[in-house]
Amino acid sequence: MMGVASANLQRRARPGRRVVTLSPAQVRWLGALLLATQLPMIAFVPLWIACLGTALVGLRFLLVARSVRRHDPAPETLRSWVLGLLALVTAIAIHQSMGYFVGRDPCVAFLFALIGIKYLETRNARDGTLVVCLACLLIVTPFFYSQSLFAAALAIPPVILLGGALQVLARPDRLPPLPGGWRTPLAVTFKVFAQGIPLAATLFMLFPRIAGPLWGVPADHSANSGLSDHMSPGVISELSLSDAVAFRVDFDGPVPPPWLRYWRGPVLSHFDGREWTMGASKSNGTFTRPDGRPVIYTVTLEPHWKPWLFALDLPGSLPQVASDSDVGMKTDANAMLTRDQQLVARQPVTQPLRYQQTSNLRSAYAAGSGPDLEQETEENLAMPQGPVNTNPRTVAFAHELRGAHPDDLGYINAVLEGFNKKSYYYTLSPPLLGTDPVDGFLFETRRGFCEHYASAFVLLLRAAGIPARVVTGYQGGSINPNGDYMIVRQSDAHAWAEALVDGQWRRFDPTAAIAPSRIQVGLGGSVPDTDPIPMLARLDDSFLKSFQLSWDAINHDWRRNVIGFNFDRQRALWREWKLNVLAPWQVTAIVIAIAATWVGTLLGWLAWRRRRQDRARALYDSMCTRLARAGLPRAAYEGPLSYAARAAARWPEFTGAFGIIGDSYAALRYGPVAAHADTTLERASALWRLKRALNLLPSPAQLRGVPKAVPT
Amino acid sequence: MSASMNAPESTALPASWRTDYLQRLFRHAPADHDPVILRHRRIYILPTKRGIAFLATLAMTLLTSLNYSLSLGFAATFLLAGMVAASLIHTFRNLAGIELRPLAAGETFAGGVMPFTLALVGGATPRYAITLSARGCFPVTADVVPDAALPVALELLTPRRGRIVLGRITLSSDFPMGLWHGWAYVHFPLAGIAFPTPEFAPPPLPPGNAGQDDLSVSRGDHGDLAGLRTYEPGDPLQRVAWKTVARGIGWYTKQFEGGGGGGPVHLDWHALPPNLDPKARIARLTAWVLAAERAARPFALTAPGITLAAGQGRDHRRTALTALALLPEHAK
Numbered sequence: 001m002m003g004v005a006s007a008n009l010q011r012r013a014r015p016g017r018r019v020v021t022l023s024p025a026q027v028r029w030l031g032a033l034l035l036a037t038q039l040p041m042i043a044f045v046p047l048w049i050a051c052l053g054t055a056l057v058g059l060r061f062l063l064v065a066r067s068v069r070r071h072d073p074a075p076e077t078l079r080s081w082v083l084g085l086l087a088l089v090t091a092i093a094i095h096q097s098m099g100y101f102v103g104r105d106p107c108v109a110f111l112f113a114l115i116g117i118k119y120l121e122t123r124n125a126r127d128g129t130l131v132v133c134l135a136c137l138l139i140v141t142p143f144f145y146s147q148s149l150f151a152a153a154l155a156i157p158p159v160i161l162l163g164g165a166l167q168v169l170a171r172p173d174r175l176p177p178l179p180g181g182w183r184t185p186l187a188v189t190f191k192v193f194a195q196g197i198p199l200a201a202t203l204f205m206l207f208p209r210i211a212g213p214l215w216g217v218p219a220d221h222s223a224n225s226g227l228s229d230h231m232s233p234g235v236i237s238e239l240s241l242s243d244a245v246a247f248r249v250d251f252d253g254p255v256p257p258p259w260l261r262y263w264r265g266p267v268l269s270h271f272d273g274r275e276w277t278m279g280a281s282k283s284n285g286t287f288t289r290p291d292g293r294p295v296i297y298t299v300t301l302e303p304h305w306k307p308w309l310f311a312l313d314l315p316g317s318l319p320q321v322a323s324d325s326d327v328g329m330k331t332d333a334n335a336m337l338t339r340d341q342q343l344v345a346r347q348p349v350t351q352p353l354r355y356q357q358t359s360n361l362r363s364a365y366a367a368g369s370g371p372d373l374e375q376e377t378e379e380n381l382a383m384p385q386g387p388v389n390t391n392p393r394t395v396a397f398a399h400e401l402r403g404a405h406p407d408d409l410g411y412i413n414a415v416l417e418g419f420n421k422k423s424y425y426y427t428l429s430p431p432l433l434g435t436d437p438v439d440g441f442l443f444e445t446r447r448g449f450c451e452h453y454a455s456a457f458v459l460l461l462r463a464a465g466i467p468a469r470v471v472t473g474y475q476g477g478s479i480n481p482n483g484d485y486m487i488v489r490q491s492d493a494h495a496w497a498e499a500l501v502d503g504q505w506r507r508f509d510p511t512a513a514i515a516p517s518r519i520q521v522g523l524g525g526s527v528p529d530t531d532p533i534p535m536l537a538r539l540d541d542s543f544l545k546s547f548q549l550s551w552d553a554i555n556h557d558w559r560r561n562v563i564g565f566n567f568d569r570q571r572a573l574w575r576e577w578k579l580n581v582l583a584p585w586q587v588t589a590i591v592i593a594i595a596a597t598w599v600g601t602l603l604g605w606l607a608w609r610r611r612r613q614d615r616a617r618a619l620y621d622s623m624c625t626r627l628a629r630a631g632l633p634r635a636a637y638e639g640p641l642s643y644a645a646r647a648a649a650r651w652p653e654f655t656g657a658f659g660i661i662g663d664s665y666a667a668l669r670y671g672p673v674a675a676h677a678d679t680t681l682e683r684a685s686a687l688w689r690l691k692r693a694l695n696l697l698p699s700p701a702q703l704r705g706v707p708k709a710v711p712t
Numbered sequence: 001m002s003a004s005m006n007a008p009e010s011t012a013l014p015a016s017w018r019t020d021y022l023q024r025l026f027r028h029a030p031a032d033h034d035p036v037i038l039r040h041r042r043i044y045i046l047p048t049k050r051g052i053a054f055l056a057t058l059a060m061t062l063l064t065s066l067n068y069s070l071s072l073g074f075a076a077t078f079l080l081a082g083m084v085a086a087s088l089i090h091t092f093r094n095l096a097g098i099e100l101r102p103l104a105a106g107e108t109f110a111g112g113v114m115p116f117t118l119a120l121v122g123g124a125t126p127r128y129a130i131t132l133s134a135r136g137c138f139p140v141t142a143d144v145v146p147d148a149a150l151p152v153a154l155e156l157l158t159p160r161r162g163r164i165v166l167g168r169i170t171l172s173s174d175f176p177m178g179l180w181h182g183w184a185y186v187h188f189p190l191a192g193i194a195f196p197t198p199e200f201a202p203p204p205l206p207p208g209n210a211g212q213d214d215l216s217v218s219r220g221d222h223g224d225l226a227g228l229r230t231y232e233p234g235d236p237l238q239r240v241a242w243k244t245v246a247r248g249i250g251w252y253t254k255q256f257e258g259g260g261g262g263g264p265v266h267l268d269w270h271a272l273p274p275n276l277d278p279k280a281r282i283a284r285l286t287a288w289v290l291a292a293e294r295a296a297r298p299f300a301l302t303a304p305g306i307t308l309a310a311g312q313g314r315d316h317r318r319t320a321l322t323a324l325a326l327l328p329e330h331a332k
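One line per chain: the protein sequences are A and B, in this order.
Quick note: the first sequence uses the working numbering, first residue 1, plus one each step.
Quick note: the second sequence uses the working numbering, first residue 1, plus one each step.
Extracted from the complex, chain B is given alone in its bound form (with noise of 0.2 angstroms):
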C-alpha cells in the first residue's frame, strides 16, 4: 500500500520529500535491509489506556492536593508522576538497540500456515516482553536473554496461492510498568510462496513416455536401482534405503532408472479435458507434481507461461509448484 495515495492532493510539498517522510513514519514500503537496529527515530511511545487511565487518576490527585493544600498529596502525586516519566524512559531502553533480522520465509500449501522466521538480538542487557506481530499474523510475545539470537516465527494463514508478503512488522513493548506503548516499525521485503492447493483424489497419472501407467507404485522396485541420494523430509518410506539406516550408515532414498515404471510423465495445461476452468486445471496439476515425485517418476510441465523439462528431485518439484503458484488468475 502506498502512503501518498493516502494525502491529500493539494498538499504543497513536493511529492518526493513527502513521500520520503511518510515512508519514514510509516514504513509501509519494504525498503528494510537486514539486520534493522533499532534506534530513537524508529521508536514510537504513547501511553497505553491504562496509562492515560493512570494519569487521570493523577490529575485528579493533584486537583485535591491543591484545594486543600495538601503538601504530602503534593509528594505522593509527583513521586507516582516521577515514576511514570521514569518508567517512559525504560520502555524507550528496552526497545532502543534491539536488532532485527530476517532469517528465512516458510513455504505451505494455499490454506497452510506461512511461517516467516526472524532473530531478535538483544545485546547486552535483557530484553522483556518484546511482541512481534504484523498483519494476520499472531503476534508472538518473547523476553530475549542477553547476547543470544532469539529465532521468532511469525505465523502467517495462507488463504491463496501465490506470492504471500509478511508486510510490515511492528515491534511493541508496555514493559516494564504498563503505563506505556512503545513500538517501531521494521518492513523487510520478506515473502514466501503458497503453493496451489492440490486436487482431492485427482485421476492418475497420464501415461507416461514408455506407454503405461505404473499401478504398483507401492512396490516400485520395477525399474532399476539407479543410486541413493541423501534423504529429504517428504520422501515416501517405501523409498528408504532401509539396509543403509539399520548399518548406522544415515538415511538415503532409493532412486530408479526411469522412475517407478512408466518412465518421465508429461503434465501438460492443454492436454486437461476441455470443460476444466483454470482453478481446476491449477489444482490438478499440482495433485500430479505431488503424485509424480511420490512415485518417483521424472515429469516435464507444461502450461501457460510454463516450459519445464523433464526432471526430478526436490528442486524440481519446488520450482514446478512455485510456477504454478504464481500462474495468473485467467491463465489461457
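Only chain A is shown next, with the shape it has when bound in the complex (with noise of 0.2 angstroms):
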C-alpha cells in the first residue's frame, strides 16, 4: 500500500524538478539503520514476521551488490506493484494470525515488515526520509516490551546509525563522499549527540509527563504472568515454575523474618468446587491499627496487567506513589482498600510501578459489624453448587470431624493436624485431579502444592459452618546481598487461608503444617529435589546465581531512577527543586533559558576551539591593526612576507622582530610546519618566536613617531 504510494508520488514528481536518486552507499547505510533498528524487535514480533522483515532487507542489499558488480547506475528495486501486494498479503496474514488489526501489537508487527518493504523500493531521497523516519518509529516500539537496561543497550546502535543515515543522505550526489568512509559520519553524530545530551537530559527532567493515558491502552494479548484473579488445582504450582522477578522490595529498617513475609494479593471467596475465584465484594474496608512499629517499605513492581498492588500482611496504609512520603501525595485517585484488606489499583499495572507502602505485621484483623458482616460471613460459608463438583467425601469428612471438635479453634487444629499426621506430600509436581478434585486429593492422591492445601483446608471448614477463604499471593522473598534489597519471584507464588473465629479473620497457613520448611526457607528446600524447581529458587549457590544476582541489582537501580521516572516522580523532583510553586510559564522560561545558555556554551566553546586553532592568524591580525594605527595599512595582496619588508622598510630599527614576524608566520601558515600534524614542537616555537617578535614592536602612537627614512 505504502509501495504504491510512494509510486504514484514519484509519477507525478515535476519534470522540472530533479529526482536525486540514492547512491549503492546511501542505500546500504539505510538498509544498516533498518538491520539495527529491526533487531531489537525480532523477540517481540511474530517469527514469520521477524524471518519476512529481516529477509527483505536482507534482499536489497543483495540486489544492490548485484546492480553494482553489474555497473548498473541505477539502484534495484522491486516494482512497486509487487511490494504493495505484498504489503496487502502481510496486513491480512497479521489480521489472520493474530485475530485483530487494530491494535498495538499487529500494528507494531505490520511496522516491522512494512520496513523491509519500503526499503525493497526505495529510489530516491523522498524514500530516504520515509524510510529513516520508519526506523525512527521502530526505535521506540520495543520500549513497549521491555525498558531493561538491555533493551536500553540494544537502542543505541540504531540511534547512531540513524544520524549517520542522515548524514549519507545529506551528502549532495554532485560531491564525493566524505573523506573517511563510514567512519566520518559516525563520529560525527557522536559529537552531535553529545552536544545535545544537556538538552535532552534537561527536556526529560522537565518535559511534563502526564498521569495516565491519553487514549485507551489496549488490553495486551500476550502477557500473563503473575497471580491471577482465580485459582484452580494446577495455577500456583505453574507459577512457581518461573524465576520471573513478581517485584522489587526497599525496607526501610529490619527486614521481617521469613515465616511473616505474606505478601498479600487477590482473595478468592467463590468457589465452585474446583476454581476459585474472587468474591463480590469491592466496597471500602479499614485498615487495622498498628501495634508496635509498623513495617515501611518500597516495592517495584513489575508490570502483570492486573490491577493488584501487593504488601505484607495486613496494609496499614494506601500506596505512596512518590520517592518522598512527606509530601501527601493524594493516592486515593490511583488505589484502594477493598473490605477483604486488599489493595487494588484503579488501573492495571501496565508499567513498573514504585510505591511506598506501610504493613502491620499481624496475623488476625476484625471483621467489620452490621449488614457487612452478614453478608461477608453468608458469601464466605457458601458451598459448591452442584451438579458437579460437590466435593461429596470432604463435606462428609467434615460433619463427622466437626462432632468431635464442638469448637472452632480446636476444629481448625485438628484439621491441620490431621494433614501433618496423615502421609500428605508437599510437591510442586502433583498428579492430575479429575472431578471432585478436593475429594481426589485429600482422600486418594494426597500429594499436593500449596493451592490444593489451601482449597481443601477451606473447603472443610465452609463445611463444619466456619467462614473461610483463600488468599493468594507470595510468601518469602529472599535479600540480594548486592542491593540489599528483598526480590520477590514468581516461584514465590503461594496460597494460603483466612477463617473468620471469634470476630476475627485469622490466617491459617495449611503449607506450614505440611512443609514448614516452606515457610522458613522457601520452595527450595520444601520440596523433593527431583521436582524441577527453578534454577533461582534453589538454596544452592551456583555462579549463574550470584552472576544473575549482580545483574538484578544493577536492574533494579535502573528501574529506580530511569524507567520508574514517571509523572509522580518527576512531580517529586519538581517540588525538591522547588519547581511546583512556579506556574507553567516560568518552567517554560526555565526551559527556554536553559536552551539558550545551551546554545550560547555550545556556540561560544566551538568558537573558543576555532580560535585556538588559528592563534596565528590572531597574532598576525593584531600585527597588521597595530601597523595600520601607525599608518601603515596591508594592502590586500600582500603577503607576510611582503608585508613585514615594507615595514621594516619604514622602521629600519625593528628590522630583525619584523623579519622574524613575517618568516614565522609564513611557516606557520603555510610551511611545513602547518601541514603536518605531528609537529607541535616546532609549531609551538614558531609560535613562541610570533609572540616574542610581536612583543618588541613598541606601541602604534610610537611608531607613528618615528620619522620616515628619506631614501637615498
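In short, the hints are calculated from the structure, not lab data.
Zero decoy hints are in this set.
Ranges of calculated distance between the beta carbons of each label pair, as one might list FRET restraints:
# : chain 1 : residue 1 : chain 2 : residue 2 : range
1 : B       : A56       : A       : G99       : 27 to 33 angstroms
2 : B       : A56       : A       : Q548      : 39 to 45 angstroms
3 : B       : A124      : A       : N695      : 20 to 26 angstroms
4 : A       : A25       : B       : A29       : 40 to 46 angstroms
5 : A       : R626      : B       : W251      : 42 to 48 angstroms
6 : A       : N695      : B       : A149      : 30 to 36 angstroms
7 : A       : A628      : B       : A271      : 54 to 60 angstroms
Here a beta-carbon is modelled for each residue, glycine too, at the ideal position from N, C-alpha and C.
Each of the two chains sits in its own frame; use the hints to bring them together as a complex.
Structure representation (C-alpha cells):
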C-alpha cells in the first residue's frame, strides 16, 4: 500500500524537478540502519514477521551488490505493485494470525514488515526520508515490551546509525563522499549527540509527563505472568516454575523474618468445587491499627496487567506513589483498600510501578459489623452448588470431624493436625485431579502444592460452618546481597487461608503444617529435589545464581531511577527543586533559558576552539591592526613576507622583529609546520617566536612618531 | 527588482526605513562590497522537508511515550531531539564566517554561457557541501578546504545581447544532517557583457581605404610586416610567428602595416542596405568586426551613438563589440 502510494508520487513528480537517485552507498547505510532497528524487535514480533522483515532488507542488500557488480547506475528495486501486494498480503496474514489488526501489537508487527517492503523499493531521496522516519518509529517500539538495561543498550546502535544515515543522505550526490569512509558520519554523529545530551537531559526531567494514558491502552494479549483472579489446582504450582521477578522491595529498617513475609494479593471467596474466584465484595475496608512499629518499605512492582498491588499482611496505609512520603500525595485516586484487606489499583499495572507502603505484621484483624458482616459471613460459608464438583466425601468428613470438635479453633487445629499426621506430601508436580478435585486430593493422591492444601482447608472449614476464604499472594522473598533489597519471584507464589473465628479474620497456612520449611527457607528446601525447581529458587549457590543477582541489582537501580521516572517521580523532583510553586509559563521560561544557555555555551566553545586553532592568525591580525594604526595598512595583495619587508623599510630599527614575524607566520601558515600534525613542537616554537617578536614592537603611536627614513 | 514595489502602499512605516529593512532581509539591491563575510545577521535557517518529516516523527514517538509512559521512549525521543537541535548549530557554523569574493565576470556572445567567477574562503575550518546558486544558473556545490580560496564559476546562459547581471547569489548548505537548510544572500554589483550574435555567413567586408577588398586573407603577408605582439588566444593561426615559437622564445603574433591588404575599413551602420532591420544590422556589424579582426585589418565603426576611430587589436575589438552589445533595441 505504501509502495503504491509512493510510486504514484514519483510519477507525479514535476518534470523540471531533479529526482535524486540514491547511490548504492546511501542504500547500504539505510539497510544497516534498518537491520539495527529491527534487531531489538525480533523477539517481540511473530517469528514469520521477523523472518520476512529482515529477509526483505537482506534481499535489497543483495540486489544492490548485484547492480554494483554490473556497474548498473540505477539501484535495483522490485516493481511497486508487487510490493504493494506484498504489504496487503502481510496485513491480512497478520490479521489472520493475531485475530485483530487495529491494536498495538499487530500494528508494530506490520510496521516491522512494512519497513522491509518500503526499503525494497527505495529509490530516491524522498524514499530515504520515509525509511528514516519509519526506522525512528521502530526504535521506540521495543520499549512497549521491555525497558530493561539490555533494551536500552540495544537501542543505541540504531540511534547512532540513524544520525549517520541522515548525514550520508544529506551529502549532495555531486560531491565525492566525505573522506574517512563510513567512520566520518559515525564520528560526527557521536559529536552531535554528545552536544545534544544536556538539552535531552533537561527535557527528560522537565518535559511534563501525564498521569494516565491519552487514549486507551489496549489490553495486552500476550502477557499473563503473575497471579490471576482465579485459582484452580495446578495454577500456582505452574507459576512457581518461573524465576521471573514479581516485585522488589527496599525496606526502611529491619527486614521481617521469613515466616512473617506474607505478601497479600487477590482474596478468593467464591468456590465452584474446582476453581476459586474473587467474591463480589469491592467495598472500602478499614485499615488495621498498628501494634508496635509498622514496617515501612518501597515496592517496585513489575507490570503484571492486573490491578492488584502487593503489601505485607496486613496493609497499614494506601500506597504512596512517590519517592518521598512527606509530601502527602493524594493516592485515593490511584488505589483503594477493599473490605477483605486487599489493595487494588484503579488501573491495571502496565508499567513498572514504584510505591511506598506501610504494613502491620499481624495475622488477624477484626471483621466488620452489621449487614457487612452478615453478607461477608454468608459469602464465605457458601458451598459449591452442584451438579458436579460438590466434593461429597470432603463434606461428609468435615461433618464427622466437626462432631468431635465443636469448638472452632479446636476443629481447625484438628484439620491442620490431620494434614501433618496423615502422610500428605508437598510437591511441585502433583498428580492430575479429575472431578471432585478436593475429594481426590484429600483421600486419594494426598500429594499437592499450596493451592491444593488451601483449597481443601477452606472447604473443610466451610463445610463445618466456619466462614473461610483463600488468600493468594507471595510468601517469602530473598535478599539480594549485592543491592541489599529483597526480590520476590513468581516461584514465591503462595496460597493460604483466612477463617473468621471469634469476630476476627485469622490467617491459617495449611502448607506450614505439611512443609514448615516452605515458610522458613522457601520453595527450594521444601519440595523433593526431583521436582523441577527453578534455578534461582534453589538453595545452593552457583556461579550463575550470583551473577544473576549482581545483574538484578543493576537492573533494580535502572528501574528505580530511569524507567520509574514517571509523572509522580517527576513531580517529586520538581518539588525538591521548588519548581512546583512556579506557574507553567515560568517553567517554560526556565526551559527556554536553559536551551539558550546551551546554545550560547556550545557556540562559544566551538568559537573558542576555532580561535585556538588559529592563534597564529590572531597574532598576525593584531600586528596588522597595530601597523595600520601607525599609518602603514596592509594592502590586500600583500603576503606576510612582503608586508614585513615593507614595514622593515619604513621602520628600519625593527627590521629584525619584522623579519621574525614574517618568517614565523609564513611558516605557521604555509610552511611544512602548518601541513603536518606531528610538528607540534616546531609549531609551538614558531608561535613563541612570533609572540616574542610582536612584543618587541612599540605602540602604534610611538611607531607613528618615528620619522620616515629618507630614501637616498 | 525593487522590494518596495511588492509591499502594500498603506504601510505606515517610512519608506526609507522599510526599504532598508527589506534590503537587509532579502538583499534585492546589488549593494554588497567585496568581500562579504557571512555573519549571523545574514544567515537564515529553516528545517528542510526531511527535517519537518523527522520532527513530525519525533512528535509521534513523544505522544506514544506519553501515552504508554515509556521512560526509555522519552529518552530516545529527547536524545534525537537534542541531535536535531545540535545539528542546527552545526548548520549555522558551517556557514558562519565564510568569505565570498567576486573575482571576474566573463564575456561571451549571446546564446553562450557567461561565467562569473567568485572565490569562496572558508578560514581555519573546513566547510562542507556549500551550494552557490543564482537565478538562471546551475547551482555549484563544493567543499572548501581550510585556508584556501576556492574559485567557483557560476555559469549563466545569456539569451540576449547586452549587460548581463548575475543578480543575487544564494549560499546554502544542509550540512551535516540534512535536517536544516541554512542560507544567506549576497548581492554583488557584478555584470558581464554578452556580445551580439554575429550574422551567419555575412557578405564580405566593405572595401577599405586602399580601394580594394582583400580576398586572400589566409596568406595575409601582402602588407609589410610591422612587428610582433604578444599572442592572445583567438589570434588566427596564420599570423602566429612560428619561428619564435620554434626557437622557444614565446608565442607572438605578426602584425602588418596597413592590414591584410585593403587598408583600414569603415564599418558604417548607415551604409548598410536600407531594408535591413536594426537587429540584422547589429548582427552584420558584429560579424564584420570579427572578420576585420581576423583579417588583421584596422576598422572604424559608426553606429547610432557610436563613433569609433580606426584601430586594431583585442581592446579595440572588445570596445566595438561592447558598444554594439549595448545599442538600444530600436536604434536608427
